[in-house]
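Protein chains: 2
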Amino acid sequence: MEPTKILLSEQEIPTCWYNVLPDLPEPLPPLLHPQTKEPTRLPPPLFPRALDEQEFSQERTIDIPDEIMAIYKLWRPTPLIRAYRLEKALDTPARIYYKYEGVSPAGSHKLNTAVAQAYYNKKEGYKRLATETGAGQWGSALAMGCRFFDLECKVYMVKVSYYQKPYRRVLMETWGASVTPSPSQETQSGRAILSQDPESSGSLGIAISEAVEDAATHDDTMYSLGSVLNHVLLHQTVVGQEAKKQLEKVDAYPDIIVGCIGGGSNFAGVFLPFIPDKLSTKRDLRIICVEPEACPSLTKGPYTWDYGDVAGLAPIVKMYTLGHTFVPPKIHAGGLRYHGMAPIICHLYKLGIVEAKAVHQNPVFESAVLFARTEGIPPAPEPAHAVKVAIDEALACKESGEKKTILLALSGHGHFDLQAYDEYLAGRLEDYEYPREMVERALADLPRVE
Amino acid sequence: MEPTKILLSEQEIPTCWYNVLPDLPEPLPPLLHPQTKEPTRLPPPLFPRALDEQEFSQERTIDIPDEIMAIYKLWRPTPLIRAYRLEKALDTPARIYYKYEGVSPAGSHKLNTAVAQAYYNKKEGYKRLATETGAGQWGSALAMGCRFFDLECKVYMVKVSYYQKPYRRVLMETWGASVTPSPSQETQSGRAILSQDPESSGSLGIAISEAVEDAATHDDTMYSLGSVLNHVLLHQTVVGQEAKKQLEKVDAYPDIIVGCIGGGSNFAGVFLPFIPDKLSTKRDLRIICVEPEACPSLTKGPYTWDYGDVAGLAPIVKMYTLGHTFVPPKIHAGGLRYHGMAPIICHLYKLGIVEAKAVHQNPVFESAVLFARTEGIPPAPEPAHAVKVAIDEALACKESGEKKTILLALSGHGHFDLQAYDEYLAGRLEDYEYPREMVERALADLPRVE
Numbered sequence: 001m002e003p004t005k006i007l008l009s010e011q012e013i014p015t016c017w018y019n020v021l022p023d024l025p026e027p028l029p030p031l032l033h034p035q036t037k038e039p040t041r042l043p044p045p046l047f048p049r050a051l052d053e054q055e056f057s058q059e060r061t062i063d064i065p066d067e068i069m070a071i072y073k074l075w076r077p078t079p080l081i082r083a084y085r086l087e088k089a090l091d092t093p094a095r096i097y098y099k100y101e102g103v104s105p106a107g108s109h110k111l112n113t114a115v116a117q118a119y120y121n122k123k124e125g126y127k128r129l130a131t132e133t134g135a136g137q138w139g140s141a142l143a144m145g146c147r148f149f150d151l152e153c154k155v156y157m158v159k160v161s162y163y164q165k166p167y168r169r170v171l172m173e174t175w176g177a178s179v180t181p182s183p184s185q186e187t188q189s190g191r192a193i194l195s196q197d198p199e200s201s202g203s204l205g206i207a208i209s210e211a212v213e214d215a216a217t218h219d220d221t222m223y224s225l226g227s228v229l230n231h232v233l234l235h236q237t238v239v240g241q242e243a244k245k246q247l248e249k250v251d252a253y254p255d256i257i258v259g260c261i262g263g264g265s266n267f268a269g270v271f272l273p274f275i276p277d278k279l280s281t282k283r284d285l286r287i288i289c290v291e292p293e294a295c296p297s298l299t300k301g302p303y304t305w306d307y308g309d310v311a312g313l314a315p316i317v318k319m320y321t322l323g324h325t326f327v328p329p330k331i332h333a334g335g336l337r338y339h340g341m342a343p344i345i346c347h348l349y350k351l352g353i354v355e356a357k358a359v360h361q362n363p364v365f366e367s368a369v370l371f372a373r374t375e376g377i378p379p380a381p382e383p384a385h386a387v388k389v390a391i392d393e394a395l396a397c398k399e400s401g402e403k404k405t406i407l408l409a410l411s412g413h414g415h416f417d418l419q420a421y422d423e424y425l426a427g428r429l430e431d432y433e434y435p436r437e438m439v440e441r442a443l444a445d446l447p448r449v450e
Numbered sequence: 001m002e003p004t005k006i007l008l009s010e011q012e013i014p015t016c017w018y019n020v021l022p023d024l025p026e027p028l029p030p031l032l033h034p035q036t037k038e039p040t041r042l043p044p045p046l047f048p049r050a051l052d053e054q055e056f057s058q059e060r061t062i063d064i065p066d067e068i069m070a071i072y073k074l075w076r077p078t079p080l081i082r083a084y085r086l087e088k089a090l091d092t093p094a095r096i097y098y099k100y101e102g103v104s105p106a107g108s109h110k111l112n113t114a115v116a117q118a119y120y121n122k123k124e125g126y127k128r129l130a131t132e133t134g135a136g137q138w139g140s141a142l143a144m145g146c147r148f149f150d151l152e153c154k155v156y157m158v159k160v161s162y163y164q165k166p167y168r169r170v171l172m173e174t175w176g177a178s179v180t181p182s183p184s185q186e187t188q189s190g191r192a193i194l195s196q197d198p199e200s201s202g203s204l205g206i207a208i209s210e211a212v213e214d215a216a217t218h219d220d221t222m223y224s225l226g227s228v229l230n231h232v233l234l235h236q237t238v239v240g241q242e243a244k245k246q247l248e249k250v251d252a253y254p255d256i257i258v259g260c261i262g263g264g265s266n267f268a269g270v271f272l273p274f275i276p277d278k279l280s281t282k283r284d285l286r287i288i289c290v291e292p293e294a295c296p297s298l299t300k301g302p303y304t305w306d307y308g309d310v311a312g313l314a315p316i317v318k319m320y321t322l323g324h325t326f327v328p329p330k331i332h333a334g335g336l337r338y339h340g341m342a343p344i345i346c347h348l349y350k351l352g353i354v355e356a357k358a359v360h361q362n363p364v365f366e367s368a369v370l371f372a373r374t375e376g377i378p379p380a381p382e383p384a385h386a387v388k389v390a391i392d393e394a395l396a397c398k399e400s401g402e403k404k405t406i407l408l409a410l411s412g413h414g415h416f417d418l419q420a421y422d423e424y425l426a427g428r429l430e431d432y433e434y435p436r437e438m439v440e441r442a443l444a445d446l447p448r449v450e
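In order, the protein sequences belong to chains A and B. Those letters in the first sequence? Residues 1 to 450, by this note's numbering. Those letters in the second sequence? Residues 1 to 450, by this note's numbering.
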């Protein structure tokens with residue numbers, strides 16, 4: 001019998017990141033400057049040179065520096081686990097494998113890029129990184145990344161989460177970060193909001209504005225983003241490369257890869273290394289992006305030009321979007337509440353290379369509880385969306401009798417998200433219909449691009 | 001260079017538990033019946049036959065059944081990690097390795113015995129297990145163990161924790177356990193307490209009484225204990241056997257093994273497999289048991305006969321004890337707040353085979369934060385006690401120039417314990433002096449044994 005956990009040795013950690021850009025059948029649309037609307041690089045006062053180069057690189061592989069590798073080795077390679085007990089509970093002939101990133105010290109995949117971003121900023125002489133965080137997943141990863149390269153870390157945390165999720169704040173502080181509830185008195189944008197609404201509970205858009213302003217107004221400080229951009233997706237490709245090697249060890253190849261998408265970096269990290277196979281051999285590989293019904297960029301949004309951030313300070317990107325002023329309903333999967341989507345994923349979706357599904361919160365948690373009761377791990381609310389669709393596909397195999405191989409991207413555990421499980425188990429969890437009118441209003445705010 | 005993580009394959013998971021009883025230089029004192037004070041087996045209406053046999057077995061090895069092994073494989077073998085970054089921060093010539101049990105779905109070593117106990121109860125036809133939990137570490141492990149063998153699980157959770165640590169309760173419920181705040185109206189002992197004090201916030205002692213009564217009054221229900229007893233320590237020996245194999249892979253052998261002790265199962269699991277070497281080869285191996293100053297059974301208590309539980313319902317055991325009526329100060333390491341200690345550890349301490357140290361809470365958290373900032377993982381408050389002493393020993397090596405090898409038992413992560421980190425970082429964490437007078441009062445309540 002196949003092993004339950006398919007492990008790799010440290011020597012088998014991929015030595016480079018995989019860059020999909022040169023393999024795309026059509027080039028990615030450019031980034032546009034938010035004011036001039038002309039093609040642009042990453043805003044130079046915000047990102048170090050190395051990350052800007054990676055953002056547009058045409059090299060298929062980019063070597064992982066030794067200093068980053070030394071830190072990856074603390075938790076990488078992560079296990080690929082055969083979900084025997086879930087398969088049995090579903091009585092499916094499908095084989096389900098999950099790639100589990102929750103073994104990292106921060107509990108998710110986010111560290112893969114946080115460590116890399118901290119390294120390049122340190123190397124170019126910067127002293128301090130500023131970022132925003134909602135529920136705290138990204139902020140805690142960057143806090144650890146900065147600590148490991150002796151950088152200061154400043155996190156603007158959405159005020160309502162700062163007070164409702166104190167444990168995530170404490171985790172960031174344990175790693176030495178300075179965490180400020182946003183809106184704050186520390187930036188002009190924060191003060192402007194507070195002067196209008198002293199009781200503002202904040203939003204990710206406001207927190208981004210504060211972090212960007214902090215970086216723009218401090219010579220020693222750069223800005224750091226946890227998803228969406230090409231270089232962030234690039235750093236996550238260690239995950240998919242490992243998964244591919246692990247499947248090879250048991251002579252398996254996926255028929256279906258399934259993952260959740262918010263900004264897109266977790267799932268892209270898993271599936272991008274499979275794209276060359278799909279393009280070159282025309283393999284019958286389905287790549288299913290799962291998003292929440294409450295924030296369904298791919299399945300409901302138009303493919304158009306929009307700002308990457310709520311305030312309109314970030315570059316304009318071509319993407320499936322619900323409009324940068326759209327504020328999604330308060331689902332528990334905070335990491336999936338983004339109005340747009342990584343340009344690479346949008347491009348692949350437009351080209352028909354990946355597909356997308358939207359799911360509701362209650363069936364997602366029903367699947368998450370089944371997963372916890374069979375495989376042990378309570379998934380974070382974000383990857384629980386992918387668990388739901390993996391289960392649906394496995395049940396479809398039961399109907400059809402097909403022995404498909406399903407690869408599930410399990411990006412993190414739900415230890416900090418148990419309130420959501422509590423609401424589900426108590427029957428108090430809300431589903432949110434697609435907020436069509438709010439999206440229509442937000443789409444009226446799209447930037448005009450010739 | 002040695003790898004950072006020393007991994008084993010699934011085939012290298014130990015196939016049996018190691019039983020130290022036949023290797024002891026002198027036999028362990030018997031258990032005494034709480035009423036008759038005559039030597040006794042485990043109370044038969046509470047424990048299944050197989051566990052009672054294991055409790056007194058003279059076989060050096062006991063095979064791990066396939067059904068248990070299949071579940072161990074979900075997270076075992078756990079990694080042994082070389083603490084390169086901590087060593088560098090301390091500038092020590094010592095080599096520090098930590099055996100990390102926090103990768104289990106419940107986040108600690110407790111699952112190793114929870115799964116085994118659930119299996120044997122199921123095999124003997126019982127339908128339901130009752131137990132108590134303080135902060136929830138043990139309760140959540142047993143909840144998962146029971147779910148995996150289709151047993152009902154009833155957890156009496158100390159009321160103050162039930163309301164203060166809702167996440168642990170939710171984790172248990174996610175795995176399908178029924179969790180009741182104790183004291184409850186569901187048992188006579190609970191009702192008796194509530195009639196005297198309707199506002200009682202509960203205690204571990206009361207919760208044990210409720211769980212034992214529940215098991216004693218339901219034919220289909222047995223009782224389950226998460227530490228102290230021989231069979232519980234036995235199940236944990238998978239940890240130390242793995243660590244030994246992992247060290248062999250890098251040609252290392254410990255000079256010092258360090259771990260925290262509350263009931264003793266975590267640390268015994270790590271060091272017991274090294275005992276035969278120590279006894280037969282007279283190896284110069286130091287085994288350091290670390291306990292809190294607030295509850296220092298080994299370092300301050302007499303070696304005498306005492307009840308295993310607060311209510312005096314459990315067998316009387318020969319142990320280092322602070323008295324079964326002693327209620328330790330409210331340190332954050334809830335798992336170290338036990339008045340006594342596993343009889344096996346007490347016996348080895350009496351024989352001079354292991355040593356003990358007591359440490360204060362603030363230096364413990366200072367060490368825990370250093371560990372988190374170098375190795376990434378924020379340790380749970382309990383193993384943070386061991387981290388403190390491992391660091392002390394590494395610094396002693398720096399003084400002496402000795403290149404000692406230190407094996408640290410890191411039994412779990414602190415994701416559910418970040419409130420303690422918050423208090424430490426804010427300078428609000430209290431130290432507690434050894435409560436001498438309270439212990440003296442409690443020692444006056446010891447049972448009289450001829």
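Any given hint could be a false lead.
[Stated by the list, open to error] Restraint-style ranges between C-beta atoms, simulated for each label pair:
(1) B:Ser9 <-> A:Gln35: 51 to 61 Å
(2) A:Ser200 <-> B:His218: 33 to 43 Å
(3) A:Arg428 <-> B:Gln35: 46 to 56 Å
(4) B:Pro3 <-> A:Cys16: 46 to 56 Å
[What the hints assert, rightly or not] Calculated from the model, a selection of chain B residues having no Cβ within reach of chain A, i.e. all distances over 12 Å:
(5) Gln11
(6) Met69
(7) Tyr126
(8) Val160
(9) Asp220
(10) Glu355
(11) Ala356
(12) Ala358
(13) His360
(14) Asn362
(15) Ala396
(16) Ser400
(17) Asp417
(18) Asp422
Derived from the structure by calculation, the hints contain no laboratory data. Backbone N, C-alpha and C define an ideal beta-carbon position, used for all residues, glycine too.
Going through the hints against the structure:
{"no.": "1", "hint": "B:Ser9 <-> A:Gln35: 51 to 61 Å", "verdict": "holds, 57 Å"}
{"no.": "2", "hint": "A:Ser200 <-> B:His218: 33 to 43 Å", "verdict": "violated, 54 Å"}
{"no.": "3", "hint": "A:Arg428 <-> B:Gln35: 46 to 56 Å", "verdict": "holds, 48 Å"}
{"no.": "4", "hint": "B:Pro3 <-> A:Cys16: 46 to 56 Å", "verdict": "violated, 20 Å"}
{"no.": "5", "hint": "Gln11", "verdict": "violated, 8 Å"}
{"no.": "6", "hint": "Met69", "verdict": "violated, 10 Å"}
{"no.": "7", "hint": "Tyr126", "verdict": "holds, 20 Å"}
{"no.": "8", "hint": "Val160", "verdict": "holds, 18 Å"}
{"no.": "9", "hint": "Asp220", "verdict": "holds, 21 Å"}
{"no.": "10", "hint": "Glu355", "verdict": "holds, 30 Å"}
{"no.": "11", "hint": "Ala356", "verdict": "holds, 28 Å"}
{"no.": "12", "hint": "Ala358", "verdict": "holds, 25 Å"}
{"no.": "13", "hint": "His360", "verdict": "holds, 19 Å"}
{"no.": "14", "hint": "Asn362", "verdict": "holds, 15 Å"}
{"no.": "15", "hint": "Ala396", "verdict": "holds, 26 Å"}
{"no.": "16", "hint": "Ser400", "verdict": "holds, 28 Å"}
{"no.": "17", "hint": "Asp417", "verdict": "violated, 9 Å"}
{"no.": "18", "hint": "Asp422", "verdict": "violated, 4 Å"}
The structure does not agree with the numbered hints 2, 4, 5, 6, 17 and 18 stated previously, though it agrees with the rest.
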